[in-house]
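Protein chains: 2
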Amino acid sequence: MSSIAAMTPQEARQWIREGRWQKPTAGMANGYTQANLAILPRSLAFDFLLFCQRNPKPCPVLDVTDAGSAIPSLVAPDANLLTDIPKYRVYRNGELTEETTSIEHVWQDDMVAFLLGCSFTFERAMLENGIPVRHIEQDCNVPMYITNIACKSAGAFSGPMVVSMRPVPHEQVVRAVQVTSRFPAVHGAPVHIGDPSVIGIQAIDRPDFGDPVTIRDGEVPVFWACGVTPQAVAMQSKPEIMITHAPGHMFITNLRDEEFGVL
Amino acid sequence: MSSIAAMTPQEARQWIREGRWQKPTAGMANGYTQANLAILPRSLAFDFLLFCQRNPKPCPVLDVTDAGSAIPSLVAPDANLLTDIPKYRVYRNGELTEETTSIEHVWQDDMVAFLLGCSFTFERAMLENGIPVRHIEQDCNVPMYITNIACKSAGAFSGPMVVSMRPVPHEQVVRAVQVTSRFPAVHGAPVHIGDPSVIGIQAIDRPDFGDPVTIRDGEVPVFWACGVTPQAVAMQSKPEIMITHAPGHMFITNLRDEEFGVL
Numbered sequence: 142m143s144s145i146a147a148m149t150p151q152e153a154r155q156w157i158r159e160g161r162w163q164k165p166t167a168g169m170a171n172g173y174t175q176a177n178l179a180i181l182p183r184s185l186a187f188d189f190l191l192f193c194q195r196n197p198k199p200c201p202v203l204d205v206t207d208a209g210s211a212i213p214s215l216v217a218p219d220a221n222l223l224t225d226i227p228k229y230r231v232y233r234n235g236e237l238t239e240e241t242t243s244i245e246h247v248w249q250d251d252m253v254a255f256l257l258g259c260s261f262t263f264e265r266a267m268l269e270n271g272i273p274v275r276h277i278e279q280d281c282n283v284p285m286y287i288t289n290i291a292c293k294s295a296g297a298f299s300g301p302m303v304v305s306m307r308p309v310p311h312e313q314v315v316r317a318v319q320v321t322s323r324f325p326a327v328h329g330a331p332v333h334i335g336d337p338s339v340i341g342i343q344a345i346d347r348p349d350f351g352d353p354v355t356i357r358d359g360e361v362p363v364f365w366a367c368g369v370t371p372q373a374v375a376m377q378s379k380p381e382i383m384i385t386h387a388p389g390h391m392f393i394t395n396l397r398d399e400e401f402g403v404l
Numbered sequence: 142m143s144s145i146a147a148m149t150p151q152e153a154r155q156w157i158r159e160g161r162w163q164k165p166t167a168g169m170a171n172g173y174t175q176a177n178l179a180i181l182p183r184s185l186a187f188d189f190l191l192f193c194q195r196n197p198k199p200c201p202v203l204d205v206t207d208a209g210s211a212i213p214s215l216v217a218p219d220a221n222l223l224t225d226i227p228k229y230r231v232y233r234n235g236e237l238t239e240e241t242t243s244i245e246h247v248w249q250d251d252m253v254a255f256l257l258g259c260s261f262t263f264e265r266a267m268l269e270n271g272i273p274v275r276h277i278e279q280d281c282n283v284p285m286y287i288t289n290i291a292c293k294s295a296g297a298f299s300g301p302m303v304v305s306m307r308p309v310p311h312e313q314v315v316r317a318v319q320v321t322s323r324f325p326a327v328h329g330a331p332v333h334i335g336d337p338s339v340i341g342i343q344a345i346d347r348p349d350f351g352d353p354v355t356i357r358d359g360e361v362p363v364f365w366a367c368g369v370t371p372q373a374v375a376m377q378s379k380p381e382i383m384i385t386h387a388p389g390h391m392f393i394t395n396l397r398d399e400e401f402g403v404l
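So the protein sequences, as listed, match chains D and X.
Using the working numbering, read the first sequence as starting at 142 and increasing by one per residue.
Using the working numbering, read the second sequence as starting at 142 and increasing by one per residue.
What the hints contain is simulated information worked out from the structure, not anything from laboratory work.
Don't take each hint at face value.
Copies of one chain are not kept apart here, so a pair can be met inside one copy or by any two copies together.
[What the hints assert, rightly or not] Derived DMTMM-like pairs (lysine to aspartate or glutamate); straight-line CA-CA distance at most 25 Å:
{"hint": "1", "residue 1": "164", "residue 2": "207"}
{"hint": "2", "residue 1": "198", "residue 2": "400"}
{"hint": "3", "residue 1": "293", "residue 2": "352"}
{"hint": "4", "residue 1": "198", "residue 2": "399"}
{"hint": "5", "residue 1": "164", "residue 2": "336"}
{"hint": "6", "residue 1": "228", "residue 2": "239"}
{"hint": "7", "residue 1": "293", "residue 2": "399"}
{"hint": "8", "residue 1": "293", "residue 2": "219"}
{"hint": "9", "residue 1": "293", "residue 2": "250"}
{"hint": "10", "residue 1": "164", "residue 2": "236"}
{"hint": "11", "residue 1": "228", "residue 2": "251"}
{"hint": "12", "residue 1": "228", "residue 2": "346"}
{"hint": "13", "residue 1": "293", "residue 2": "280"}
{"hint": "14", "residue 1": "198", "residue 2": "219"}
{"hint": "15", "residue 1": "164", "residue 2": "245"}
{"hint": "16", "residue 1": "293", "residue 2": "400"}
{"hint": "17", "residue 1": "293", "residue 2": "239"}
{"hint": "18", "residue 1": "379", "residue 2": "346"}
{"hint": "19", "residue 1": "379", "residue 2": "349"}
{"hint": "20", "residue 1": "198", "residue 2": "245"}
{"hint": "21", "residue 1": "198", "residue 2": "240"}
{"hint": "22", "residue 1": "293", "residue 2": "240"}
{"hint": "23", "residue 1": "379", "residue 2": "278"}
{"hint": "24", "residue 1": "164", "residue 2": "250"}
This one's a predicted model, so the numbers in the text were calculated from it and none came from an experiment.
Please work from the sequences and hints to get the whole structure.
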């Protein structure tokens with residue numbers, strides 16, 4: 142295990158805070174849950190929380206800060222969300238205006254920060270069960286697709302579900318459903334197995350986000366609800382300001398992946 | 142099976158809407174999930190939803206309406222929350238001011254309705270697994286206790302967790318944990334097993350709400366987070382207005398209990 146894998150969440154976040162780590166967080170503080178970030182003004186927070194509540198598979202909420210607070214009291218009370226992520230993106234009226242390693246200069250007292258579960262947790266469960274994760278093998282980004290599955294809307298927020306795809310050998314598909322079902326707080330069970338056209342995906346080799354991966358003979362494409370969904374949906378409503386993590390540059394919580402297992 | 146047990150949710154709600162059923166809903170539309178109701182002004186809705194989000198065991202959210210809408214679009218899009226519950230309670234500044242069979246005259250355009258999971262669902266799972274449910278055998282209300290377990294606070298809302306207790310034969314305690322863990326959307330796994338004093342309960346024979354039940358030799362008291370918690374917490378903040386169902390007079394959803402099983 143490399144030294145970054147053996148770090149505690151506190152050590153990893155300190156490295157990040159001090160600017161010693163400005164790269165993606167995959168592989169850091171092994172076994173600890175990483176999370177997506179979305180920050181919105183208080184005026185949009187109820188609708189966004191309601192959207193997440195209504196669409197728990199793409200939008201699994203791990204923590205929500207009090208308005209004006211950057212402390213995620215449930216998952217890492219000793220962390221600071223303004224500095225403890227290696228790279229942030231600031232969007233104004235739906236346009237990316239800044240990429241930055243700290244958001245202390247952007248933060249406003251009426252902001253609410255949302256931490257949402259990410260697929261790293263269930264991918265670890267797959268790997269530990271001997272189920273391959275192709276984009277990790279191929280060292281690229283997971284392929285993501287916009288589907289014809291409508292999310293339940295909430296106030297200003299509506300849009301289609303985005304899914305990620307992992308090819309699974311047909312004899313391991315049932316096990317893949319079982320092991321990922323244990324983690325409903327981080328996307329959980331797949332939303333679709335097999336024929337991509339059923340959920341409105343026309344070209345499996347041309348994902349809408351991320352990179353294409355190889356599907357081998359005897360493998361079935363399996364689709365999970367993806368954390369890109371809430372960001373895409375929020376962005377569509379062109380909020381005056383919205384802050385997210387940069388892709389792959391996640392927040393590292395104090396909680397272990399296994400703590401999210403329901404059984 | 143009696144005729145009320147065989148009703149569809151639509152039939153049951155129509156009876157209730159027409160004033161033909163003004164009694165508790167236990168046993169109606171057998172197999173369909175029943176829910177607790179809490180209605181609050183929009184200004185308190187974010188904090189309340191956040192409180193539920195942070196305390197999912199006592200406050201399992203099944204549906205939240207848009208502000209001003211009485212239609213629970215996820216769990217019963219053909220229902221009307223203003224008329225489809227047999228008995229409501231209206232609280233003003235924390236005081237019960239009215240018990241009524243319709244809230245059409247109280248409803249305001251800025252209100253948000255919350256439906257929260259109730260223990261009926263996991264009690265059915267227990268019974269179907271041959272685990273006794275004492276208060277059903279004794280035909281009384283479940284005993285409920287205020288504990289020393291602090292809920293995570295959110296804005297105006299804070300307070301202790303309320304739990305319900307069911308005595309379980311010691312050889313069935315593990316199975317009781319397993320079968321109720323399948324239903325995290327309706328309180329899920331117990332919060333405590335055994336010695337009541339550990340969670341701040343001094344007199345197991347004198348519950349804070351509901352009725353005492355017999356604990357037989359060889360039985361262990363098992364405690365689950367209780368849906369009374371969010372109502373008690375909201376009431377403590379003395380909102381200008383809050384509407385709930387009357388105890389036992391629940392909302393009947395279109396969803397089957399089994400649909401909430403995570404595996």
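Q | Identical-chain pair category, residue 293 with residue 352, by Cα at 25 Å | A | Neither: 27 Å inside a chain and 40 Å across chains, both beyond 25 Å.
Q) How do residue 198 and residue 240 come out at 25 Å by Cα distance, when the copy is not named: within, between, both, or neither? A) This pair counts as neither: shortest intra-copy Cα distance 28 Å, inter-copy 38 Å.
Q: Classify it for me, residue 198 with residue 400: is the Cα-Cα distance of at most 25 Å met within a copy, between copies, both or neither?
A: both (18 Å within a copy, 15 Å between copies)
Q.
Cα distance capped at 25 Å. Does residue 164 pair with residue 336 within a copy, between copies, both, or neither?
A. neither (35 Å within a copy, 49 Å between copies)
**Q.** Identical-chain pair category, residue 164 with residue 207, by Cα at 25 Å
**A.** Close neither inside one copy (28 Å) nor across copies (40 Å); limit 25 Å.
Q. Between the shortest in-copy and the shortest cross-copy C-alpha distance, which are at most 25 Å for residue 293 and residue 239: within, between, both, or neither?
A. Neither. Shortest intra-copy (30 Å) and inter-copy (34 Å) distances fail the 25 Å Cα cut-off.
Q.
My question is about residue 164 and residue 245: at a cut-off of 25 Å on alpha-carbon distance, are they close within one copy, between copies, both, or neither?
A. within (19 Å within a copy, 56 Å between copies)
Q) Quick one: residue 198 to residue 399, C-alpha cut-off 25 Å, is that within a copy, between copies, both, or neither? A) Both ways: residue 198 and residue 399 sit 18 Å apart in one copy and 18 Å across, limit 25 Å.
Q. When no copy is named, should residue 293 and residue 219 be tagged within, between, both, or neither for a Cα gap of at most 25 Å?
A. between (34 Å within a copy, 16 Å between copies)
Q. 25 Å Cα cut-off: does residue 379 pair with residue 349 within a copy, between copies, both or neither?
A. within (20 Å within a copy, 49 Å between copies)
Q: Classify it for me, residue 293 with residue 399: is the Cα-Cα distance of at most 25 Å met within a copy, between copies, both or neither?
A: between (29 Å within a copy, 21 Å between copies)
**Q.** Identical-chain pair category, residue 293 with residue 250, by Cα at 25 Å
**A.** between (29 Å within a copy, 21 Å between copies)
In terms of the numbered hints stated before, the structure departs from hints 1, 3, 5, 12, 13, 17, 18, 20, 21, 22, 23, 24, listed from lowest to highest.
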